[in-house]
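> Residue numbers (the working numbering), protein chains in the order written: chain H, 1 to 790; chain C, 791 to 944.
Some clues are possibly wrong.
Okay, the calculated bits of chain C under chain H, using three or more residues with CB under 8 Å as the criterion [stated by the list, open to error]:
(1) 839-850
(2) 865-873
(3) 886-896
(4) 909-920
Restricting the straight-line Cα-Cα distance to at most 20 Å, the calculated cross-link-like pairs of lysine to any residue (SDA-like) are [claimed, not checked]:
(5) K227/H x K259/H
(6) K812/C x D114/H
(7) K97/H x E124/H
(8) K663/H x E915/C
(9) K9/H x R884/C
(10) K812/C x E118/H
(11) K663/H x S921/C
(12) K792/C x V590/H
(13) K874/C x K450/H
(14) K657/H x K569/H
(15) K783/H x P206/H
(16) K874/C x V14/H
(17) K874/C x P12/H
(18) K657/H x Y772/H
(19) K450/H x K227/H
(20) K569/H x V590/H
(21) K314/H x G186/H
(22) K318/H x L410/H
(23) K786/H x T659/H
(24) K812/C x A31/H
Hints in this document: simulated from the structure, not taken from any laboratory. Computed from a predicted structure; not experimentally measured. Yeah, the Cβ is synthetic: ideal placement off N, Cα and C, and Gly gets one too.
Here is how the chains run, residue by residue.
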Amino acid sequence: MQQYSVVGKPIPRVDGSLKATGEAKFTVDIALPGMLYGKILRSPYPHAKILSIDTSKAEALPGVKAVITGKDTGEVRFSFIDTPRYPADQCPLAIDKVRFIGEEVAAVAAVSEDTAQEALGLIEVEYEELPAVFDPEEAMKDGAPRIHDKITPTTTTAWEDFGVTREARPYDAVNNISNQVLITVGDAEQGFKESDHIRQNRFVIPTTSHIALEPHGALASFDSAGKLNVWLSHMGYEHKRYWLAKTLGIPISKVRVNKTYVGGAFGGKISLFPYELLAAFLSKKTGRPVKIILSRSEVLSTCHTSRRFIVDVKTGVKRDGTIMAQHIKIIDDAGAYRSSSPTALYLAHVFRHAIYNIPNVRHEGVGVYTNKLFTGPKRGHSLQQISFAVESQLDMIAEELGIDPLELRLKNLRKKGDILPNGDRLDSYGLPECLRLAAESSGWKQKWGKQPNRGMGIGTGGMFSGGHNYPFGSAAFVKLNPDGRFTLFTGQTEFGGGVDTVMAQIAAEELGLTIDDIVVVSGDSELCPYDIGNWLSGGVYVSGQAVRRAAADAKQQLLAYATEALETKIDQLEINNGRIYVKANPDKAVSLSDMYKYGIQMRGGDPILGKGYTKAVQDVGFWGGSFKGTAALSQGRGRFTDAYGLAAAIAEVEVDKETGKVKVLHIVVADDCGTDINPLNVEGQLESQAAMAIGDVLFEEVVIEEGRVINPTLGDYKIPGALDIPKLTTISVQDYEPKGPFGAKEVGETARGAVIPAIANAICNAIGGRIYSLPMTPDKILKAMKDEKG
Amino acid sequence: MKQLIQLTVNGELHEVRVEPWKTLLEVIRDDIGLTSPKEACSTGECSACTVLLNGKPVNSCLVLAVEAQSKDILTIEGLSQGSKLHPLQDAFIRHGAIQCGFCTPGMLLSAKALLDENPQPTEEEIREAISGNLCRCTGYNKIVEAILEVAQSQ
Ligand code: FES
Ligand code: FES
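Start from the sequences, fold in the hints, and give me the full structure.
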């Protein structure tokens with residue numbers, strides 16, 4: 001592998017000291033002069049008509065500056081997905097009816113939080129309760145309560161605003177069906193006919209919360225010139241400013257999303273939220289800054305949680321374990337709004353199609369509206385759900401065939417260089433190595449099935465490095481400063497993953513500088529160029545490439561100047577350590593600082609500005625009525641991503657057979673993220689995902705009864721603490737990705753989808769029984785053991 | 791009904807007028823303007839709001855400001871001396887024990903309180919000491935390693 005001087009080094013993060021001293025400012029920390037506090041009145045009913053809202057008493061309360069309802073915010077709809085086929089279905093404040101407990105009905109801005117809270121109690125809303133439906137299978141039946149009337153778009157959809165000329169159609173959610181997907185590969189029926197053994201099971205995956213430590217919040221400030229400044233806890237500003245501009249009816253260039261540090265996100269802060277819009281609406285109305293910070297229980301019961309899947313899996317295999325066919329049917333219990341359902345149902349197929357070579361596939365999914373908190377992306381966005389189902393079943397099949405689960409997986413893996421059914425190519429594919437190394441490190445061969453009360457399990461995961469959906473691209477600038485150092489402008493948002501550090505490393509490597517020579521400006525929509533944000537784990541692969549190209553552009557300019565200043569040819573020059581020198585005579589040199597001056601003095605004032613850009617999938621583009629490269633999410637056609645991140649995990653657990661309690665003893669995660677730009681960061685991402693997966697398998701679930709979240713506190717919704725974490729071994733299998741910056745690709749999401757089934761399989765291995773739903777609580781474990789004994 | 795209280799934070803005396811029901815967390819953040827103690831739950835379940843009160847870690851969202859009068863309050867703004875970081879801060883940065891950083895202030899103070907009382911803790915004692923400090927980003931092991939390193943080099 002090529003030797004780099006900055007890339008590949010475990011450099012401590014550039015924002016480390018700011019965060020260790022308390023200087024780093026998060027949205028919750030920012031206060032502006034004259035700032036008001038906003039609070040939101042929410043629906044107490046899962047499904048009800050709003051007959052009237054009387055805000056007069058609240059408005060009369062001293063200290064209250066504004067009260068707004070759906071009449072003020074209007075019927076511009078927004079959503080995570082807004083396409084001609086699936087137009088947006090959510091409004092900033094409920095209009096005419098509410099669809100889940102916690103839905104936003106009115107909002108108040110006041111001089112203090114206490115006053116705003118008191119004002120909420122003075123708003124009088126008259127509701128007429130409607131029959132509600134909570135079970136997705138009930139919701140699909142004829143005669144079930146209808147949650148959405150026909151949705152007729154009141155504006156162009158986001159898809160059209162991003163360049164696709166397609167007329168939006170009204171959406172009629174017959175039988176509460178919000179969206180559907182059907183992807184076929186080969187001929188599943190035929191594949192089952194050719195199988196020696198077929199197994200069919202149903203798995204249920206509950207919704208869980210992201211629990212980013214910083215609660216959701218927004219500060220919005222309109223100035224008298226009509227400019228909106230916002231500070232948000234978020235994952236990328238393009239989506240946010242687009243929707244803010246659209247719903248408020250102002251030009252997008254008049255919305256500035258300011259840089260903040262973000263206290264964790266994990267997919268939970270990706271879409272636009274009503275509270276963000278409401279802070280802006282209230283600021284517009286009052287002419288003062290308005291801050292809305294949600295309480296933990298508001299976050300847990302009103303901000304999207306992970307997608308709830310019921311998954312039926314049918315798999316056919318040959319006697320030797322070769323997988324012949326798989327039929328997957330998903331019911332995605334979307335909740336009151338569609339949010340990311342169309343994407344999630346398609347991702348549930350495509351994240352895993354890079355893992356096993358399954359010649360015949362039928363993948364069906366349906367998103368269903370119910371009167372519950374709506375769901376959305378969470379780290380891995382449906383990978384974890386589908387991985388739990390598929391990998392659990394593979395273990396059952398391995399047992400029935402008498403094959404080692406490790407061998408069964410190795411046998412069915414794809415190969416490097418494979419072209420996937422949609423045309424994606426596996427230029428890097430370190431998964432076989434991941435499995436082998438995880439097995440070696442965990443002692444699989446020596447220990448699996450040989451330890452009483454203990455169990456071991458395997459899981460695998462796959463993930464995009466950015467995708468074709470959304471206008472998925474990034475641009476970056478670099479500017480040379482008089483001291484020979486560079487300022488880098490990237491639209492990436494630092495929400496914990498370390499992008500500021502990684503982007504600085506990439507720029508430094510390309511320019512032959514150190515990381516201290518790069519000042520990063522990120523996450524500011526006014527200063528930084530286009531960047532969709534670190535979605536679908538495209539941060540390093542997509543934005544990192546844009547940064548590298550911006551640096552390379554500046555480097556070319558520097559070398560061109562140096563050929564004049566040193567009177568030599570460009571191929572004679574080398575750039576390193578802030579100097580450009582003649583290779584044959586290193587003393588003949590100029591500094592980068594010299595070249596800054598040279599540009600201004602001798603090159604007509606050009607001080608060197610580098611520009612770079614790229615997009616996630618080069619082969620796909622939408623313009624006007626035509627597509628470059630076909631792409632249809634709901635049919636799984638067209639190119640999806642240019643590089644797959646892959647992971648394998650093995651877990652070892654001990655189960656107390658008296659109490660059903662699980663102790664996780666060791667987790668090995670082997671991940672192929674291409675080149676490790678920063679090994680410290682990579683370890684951090686992998687350990688983070690392993691820890692999160694422990695919560696997923698052992699205890700996390702947002703429990704909803706009759707439409708009400710009954711565990712909306714951190715006391716009732718437990719996440720892993722330091723005592724829950726075992727030894728974690730992370731292995732980085734760096735299969736160089738030729739299209740990525742310095743060979744890098746995804747790292748932040750795959751592993752969670754591998755560790756969840758690994759722990760789940762380990763528990764089932766330990767107890768000799770099968771559990772078909774998460775979380776695997778002691779009750780379920782004891783029951784499974786009893787069932788097994790008969 | 792506001793009342794005038796005196797709070798000593800990081801060695802500095804502050805006089806603030808507060809309602810008696812205001813929490814120490816609110817007063818430190820909103821009135822004194824030190825924003826390192828974070829609120830992630832307000833119900834005593836995350837310890838992001840940890841400050842040291844006479845050297846002992848407390849969840850400042852559960853302490854009334856008036857109760858903290860005449861006690862020494864420490865936040866991480868008072869940990870470093872100028873640009874010289876406290877060894878724990880330095881170790882957290884080098885070990886990758888910080889990601890989003892939202893839990894970091896509370897985590898650092900819980901670690902400091904532990905090492906002040908028990909300079910040579912075992913790994914298990916470290917886990918115990920930070921078991922109430924939730925972190926969603928790091929998976930904790932790098933935090934434990936950072937604290938262990940500081941303990942061992944003391
Ligand atoms: S904010 Fe005080 S314990 Fe969570
Ligand atoms: S670093 Fe994000 S919560 Fe700990």
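> For this structure, which hints from the list above don't hold up?
1, 12, 13, 14 and 19
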